[in-house]
Amino acid sequence: MQVIEEISGNDEDFKKNLLEIIKKEFSKEFENYNHSYLKKDFEEASECVHKLKHKISLLGFKEELQKAALFEKEVKKGNLELHENFIDTLNKINVYLYD
Amino acid sequence: MKCIIVDDDETARLILKQHCLNTSNLQVLSEFSSAIDAIKYLNSNDVDLIFLDIHMPSFSGFDFIKTLNKSLKIVLTTSDKNLALEAFEFKNVIDYLVKPITKQRFEKSFEKVVSLSKTEDSTNTKENLNKKSDYLYVSVDRRLVNVHIPSIYLIEAKGDYINIKTDGKNYIVHSTLKKIEDKLPEELFFKVHRSFIINTSEIVDIEDNSVVVRKEVVPVSRSNKGILMDKLNLL
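Which chain is which? The protein sequence lines are G and P, in order.
Count the first sequence with this note's numbering and you get residues 1 to 99, in order.
Count the second sequence with this note's numbering and you get residues 100 to 334, in order.
It is worth saying that the hints were derived from the structure and are not from the lab.
Any given hint might turn out to be false.
[Claimed, not checked] Some chain P residues close to chain G (C-beta under 10 Å, calculated; not the full set):
| hint | residue |
| --- | --- |
| 1 | 107 |
| 2 | 113 |
| 3 | 123 |
| 4 | 126 |
| 5 | 156 |
| 6 | 179 |
| 7 | 193 |
| 8 | 197 |
| 9 | 199 |
Beta carbons are placed, not taken as given, at the ideal position from N, Cα and C, and that holds for glycine.
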């Protein structure tokens, strides 16, 4: 949350609005990733990982961000080795956002 | 300064808008989730700066820049750290911001844009002044006298002096034809002879080796006759 705090400053309304949009987009992007993965469209899956990376970094998951960046490249080539790990990250973020 | 934001990520647009809102002299005119919509907007609106995401589906930021024929300033925004080299291949890219964009980094980037704009403005102003100045200051009897350039119809060299003849008055100035020639707009003045510069709009008629400027007959050197004829609007 450090990055979000820094961007928001003392503007609580903005912070609330930002978190709402992150939640909305995150759910949609998570769903899009699953959809691309299931239909084995790895190019599209890579695009989804790319978009999710911004949320991962905004929420301060540094280690997970590095793995996501690697997975973005690998999944494009059809290498799904990091898929489970990526799903774990997304689930972790889901809990973080909604708990 | 007027800007637009182009990014398919709503979160990114919101953050950029917030940074812009907190920056004086920066106004967000509009925001777009698609590069195509932004291109349409730019066709009919004046914008100084674009915050542009590189990674967008179907039409990337780089594709977008290639369509721009205006000298718009662009600050690229991206989650990829490794596209900087490619990004700066484009002349109008001023900066490259890696998401998430912090307030501090944004401010630094905007400073860069402002500083560059000031340099450009100053260059343009100087060029315009040089181009558009209608006045020339000449030294007459230890005074600097303002001469309205279009009112000059003839300049004649006389030894170490030149005689500048204008509508209302003649000025004898310690200078050379070469020096004053450099200060005059070449579309209006022409050195017809080593001792004469004329205002071509004041030519009354032309003979073989002379022109009449107002009521004065001025010699034209053989080598300059052809150039003079090219400058005139002949039927």
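Consistency of the hints with the structure:
For residue 107 of chain P, the suggested interface contact is upheld, since its CB lies about 8 Å from the closest CB of chain G, less than 10 Å. Checking residue 113 of chain P against chain G: minimum C-beta separation of about 6 Å stays under 10 Å; hint holds. Of the supplied interface hints, the one on residue 123 of chain P is violated, with its beta-carbon coming no nearer than about 15 Å to a beta-carbon of chain G, more than 10 Å. The interface hint given for residue 126 of chain P is broken, as the beta carbon of that residue sits about 18 Å from the closest beta carbon of chain G, more than 10 Å.
Residue-level restraint check for residue 156 of chain P holds (minimum Cβ-Cβ distance to chain G is 6 Å; threshold 10 Å). Interface hint at residue 179 of chain P: satisfied, since its Cβ lies 8 Å from the closest Cβ of chain G, which is below the 10 Å cut-off. For residue 193 of chain P, the interface hint is violated, the least distance from its beta-carbon to any beta-carbon of chain G being 21 Å, above 10 Å. Annotation: interface hint on residue 197 of chain P holds; nearest CB of chain G at approximately 9 Å, less than 10 Å.
At about 5 Å, the closest approach between the beta carbon of residue 199 of chain P and any beta carbon in chain G falls short of 10 Å, and the interface hint on this residue holds.
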